[in-house]
Amino acid sequence: MWNKALKKVFQKKIPLLCASIIIFFLMIAFAAQFFGLASNWDTPIGAQYMPPNSSGVLFWFGTDILGRSVLLKTIQGTRVALSVGIITAILSAPIGVFFGMVSGYFGGWIDDLIVWFVTTLSSIPNILLLIAISYSMGRGMTAVYIALTATSWITLARILRGEVLKHKQREYLIAAEALGVTHSSRIFKHLLPNVMHQIILSMTFMVEIAIRSEVLLSYLGLGVQNLPSWGKMIDDAKGELSTGVWWQLTGATCAMFLLMFAINVLGDYVRDALDPRAQI
Amino acid sequence: MWAYILRRLLYSVPILFGVSLVVFSLFHLVGGDPATLLLGKHATAERVASVRAELGLDRPLIIQFGDYLKEIVTFDFGKSYTTREDIRTKIIHGAGPTLFLSVPAFVITAFLSLLISLVVSYYRGSWIDRASVVTFVFLMSMPSLAYILFGQYILASKLGWFPISGYGATPSERVYYLALPVLISIFLNLGSDIRFFRNAIIEEVNQDYVRTARAKGLPEKWVYLKHVLKNSMVPVITYLVIEIPYLVLGSLLLESFFSIPGIGGMTVEAVNNSDFPVLKAMTTVISLLYILTTILTDVLYRAVDPRMSFGKRE
Chain E
0 MWNKALKKVF QKKIPLLCAS IIIFFLMIAF AAQFFGLASN WDTPIGAQYM PPNSSGVLFW
60 FGTDILGRSV LLKTIQGTRV ALSVGIITAI LSAPIGVFFG MVSGYFGGWI DDLIVWFVTT
120 LSSIPNILLL IAISYSMGRG MTAVYIALTA TSWITLARIL RGEVLKHKQR EYLIAAEALG
180 VTHSSRIFKH LLPNVMHQII LSMTFMVEIA IRSEVLLSYL GLGVQNLPSW GKMIDDAKGE
240 LSTGVWWQLT GATCAMFLLM FAINVLGDYV RDALDPRAQI
Chain X
0 MWAYILRRLL YSVPILFGVS LVVFSLFHLV GGDPATLLLG KHATAERVAS VRAELGLDRP
60 LIIQFGDYLK EIVTFDFGKS YTTREDIRTK IIHGAGPTLF LSVPAFVITA FLSLLISLVV
120 SYYRGSWIDR ASVVTFVFLM SMPSLAYILF GQYILASKLG WFPISGYGAT PSERVYYLAL
180 PVLISIFLNL GSDIRFFRNA IIEEVNQDYV RTARAKGLPE KWVYLKHVLK NSMVPVITYL
240 VIEIPYLVLG SLLLESFFSI PGIGGMTVEA VNNSDFPVLK AMTTVISLLY ILTTILTDVL
300 YRAVDPRMSF GKRE
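First to last, the protein sequences are chains E and X. Using numbering that gives the first Met the number 0, the letters of the first sequence correspond one by one to residues 0 to 279. Using numbering that gives the first Met the number 0, the letters of the second sequence correspond one by one to residues 0 to 313.
It is possible that some hints are incorrect.
[Claimed, not checked] Restraint-style ranges between C-beta atoms, simulated for each label pair: (1) THR237/X with GLY139/E: 35 to 43 Å; (2) PRO13/X with ALA30/E: 47 to 55 Å; (3) PRO51/E with SER164/X: 22 to 30 Å; (4) THR73/X with ALA30/E: 53 to 61 Å; (5) ILE236/X with PHE34/E: 49 to 57 Å.
No wet-lab data here; the hints were simulated from the structure. Glycine is no exception: its CB is placed at the ideal position from the N, C-alpha and C atoms.
If we strip away everything but chain E, and leave its shape as in the complex, we get (with noise of 0.2 Å):
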């Protein structure tokens, strides 16, 4: 299913042009975290505040107060907008999906206990969770990744839980409880092949919620402290736009605006491939 899913979506342009433009920012952002890509972005490279011009490719999208490229700061924020995008959605699924299929395969007491759990949660506002964690944890990556991480997993624990009640029904699972196979075997061998297009599919999302998430905490002076991400390239930009430096702001929004484009049009038409139902 998976396969035949993925490569019928790329047949088409579109999501190959997305699938392009995700694989691109990741480079940019493998490069910058292991590679030393931009990371002199901190020297001045030019007088303050130049708008952007062809003199060079670090002056492209202008130099900010300091003097320093808009370029290289965009490129290290999309260093910290991927590793934080990236770090929540390997922490945070393996959380949802234990949660998610143990409260819906094992049901009883314990279901209960994680849907209270779950509930709970997800009745405290997103955004006012995410501020009081990374409130309480103090400023800084550490924070952002464990707010973000807290945060994530809750939906995905959902959806999964969803799915594997609907599961537990199927003749395979019934046919594999008649043979006695085990429990963990069961959940392992049968049932997660059977829900892992969900868990890859909530992760795409996931990471797009916690780039989000990031600029917005950033903005709130709660994120990443001493080094240039989206959000406080947008936060400084808030001062700079009333005397006409719109630079840094255009090179933080672009950069996010196309990442968030890619995602969201191919998680789209992952998804349509993978339901059998939407052929419209």
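Since the structure of chain E is provided, determine the placement of chain X on it from the hints.
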């Protein structure tokens, strides 16, 4: 029905307890010491101790938790650390401006997006549908801060069509000041609303009863207006009702950018000032509203949808 409502209310007690436990432990166990945060790093130990005593932070946690539960029941959340104002009064004062901004924005967005998604899903698969899907994903993908900043800069500062920020005393002044924030808020939410509504409507189009209606020779327009529309209202209404608690919270960003003295702006201010009691009260009140709204949705569901009759377990 009353039995169901009662059961639902009883069921929300453990949830409410859970919420208060989570909020309390976040602010009291994990969080840094509010007294130190308030006084700064260089305060003397005696000064910190006296502030702790004054704020009641030196008492056993279990007593503090009891106090917190009492605050929830009596709706009296004490005083703000920074402004010394009574938090309940603060919330009541802030609710007006917030609702003035969020309710019109919510109603207009819901109406517009329902209308657009009806048209779009009627022409599903055609170029109109494809073009609008791209447009609305486009709208969704823009960062919300960009809408606010560019909107304020271009429409208010450059073109001068709207005031830059502020809030009026009389209703006509309010309309004048709130027009731009409402407009931006509509654009912020339109994309995702339309996407959800369109999918909900198309989901219904693929149901068996639609095939039956078509098979008996009903014109497509009537299949659409009589059958599909009615049935797709269930997910649409749920989606809208779930947003209601957030109307009270308002938009943190819009309110702080446009200096609207509402609850959202107050929350941002509380974050900046480390005003724990205000943040705690805000989190509690909105969560409470959220729980109440979910009960309301469930009850409405059962009243509207005969398949989920009262008295039966889900």
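Results of checking the hints against the structure:
no.	hint	result
1	THR237/X with GLY139/E: 35 to 43 Å	38 Å, holds
2	PRO13/X with ALA30/E: 47 to 55 Å	50 Å, holds
3	PRO51/E with SER164/X: 22 to 30 Å	28 Å, holds
4	THR73/X with ALA30/E: 53 to 61 Å	57 Å, holds
5	ILE236/X with PHE34/E: 49 to 57 Å	52 Å, holds
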